[in-house]
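Asks: Sequence:
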Amino acid sequence: MMRFPVLTLLVVLMSCSSTPSVDSAPDSWQLPLLNGGSTSLSALTQGGKNAVVVFWQPWCGSCIAEMPDLVEAATRYKGQLSFIGVVSGPNDSVDEALIREIEFQQHLNYGTARDRELSLTRSFGVKATPSIYVLDAAGQVLYFGHEAPSNWANLLP
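For reference, each letter of the sequence shown is one residue, going 1 to 157 in this note's numbering.
Keep in mind the hints are simulated off the structure, nothing from the lab. No residue lacks a Cβ here, since even glycine has one placed at the ideal position from N, Cα and C. There's no promise every hint is true.
What the hints assert, rightly or not - List time: in silico SDA-like cross-link candidates among lysine to any residue, alpha-carbon distance up to 25 Å:
(1) Lys78 with Ala148
(2) Lys127 with Arg116
(3) Lys127 with Gln57
(4) Lys49 with Cys60
(5) Lys49 with His107
(6) Lys49 with Trp29
(7) Lys78 with Lys127
(8) Lys127 with Arg76
(9) Lys49 with Gly61
What the hints assert, rightly or not - Estimated spans, in silico, between C-beta atoms of each pair:
(10) Asn91 with Leu156: 14 to 24 Å
(11) Ala128 with Ser150: 15 to 25 Å
(12) Pro157 with Ala97: 33 to 43 Å
(13) Pro68 with Arg100: 28 to 38 Å
(14) Asp69 with Arg100: 19 to 29 Å
(15) Asn154 with Asp95: 28 to 38 Å
(16) Thr75 with Asn35: 12 to 22 Å
(17) Ala65 with Asn35: 31 to 41 Å
(18) Ala65 with Asp95: 29 to 39 Å
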């Protein structure tokens with residue numbers, strides 16, 4: 001009987017790995033922004049910036065807890081890093097009004113994109129939220145973690 005709890009713990013620990021499933025971002029992607037328009041890796045890295053892609057969900061307490069650090073970094077490194085939040089899932093499983101409310105409450109100073117078909121989420125191999133990726137202009141993963149990096153300065157272009 002002890003095999004099942006140990007197996008369950010092993011599966012949970014493996015899913016919490018901080019090793020990214022990919023070494024680089026998909027070659028080309030474009031997602032609609034919640035407030036209109038769209039974004040892509042090339043748009044985020046325009047002007048030589050690195051991109052910070054934050055996969056999150058409105059029901060994820062850890063995601064909300066990371067937002068103040070992300071907002072602060074987005075302000076501090078505005079000329080060097082571009083931030084985008086990505087909320088995955090079809091319209092019937094995601095409350096966009098709740099996303100907007102969280103954006104307002106957390107003073108989010110970067111956009112939120114919708115990955116309704118889970119294409120980008122799957123391409124990145126996202127298994128848990130928050131999943132934070134820092135990418136260079138070529139799409140190489142410079143950082144992956146489930147919390148904000150402790151030293152943003154190491155991730156600047």
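Asks: Of the numbered hints stated earlier in the document, which are not met by this structure?
Replies: 4, 7, 8, 9, 10, 13, 17 and 18
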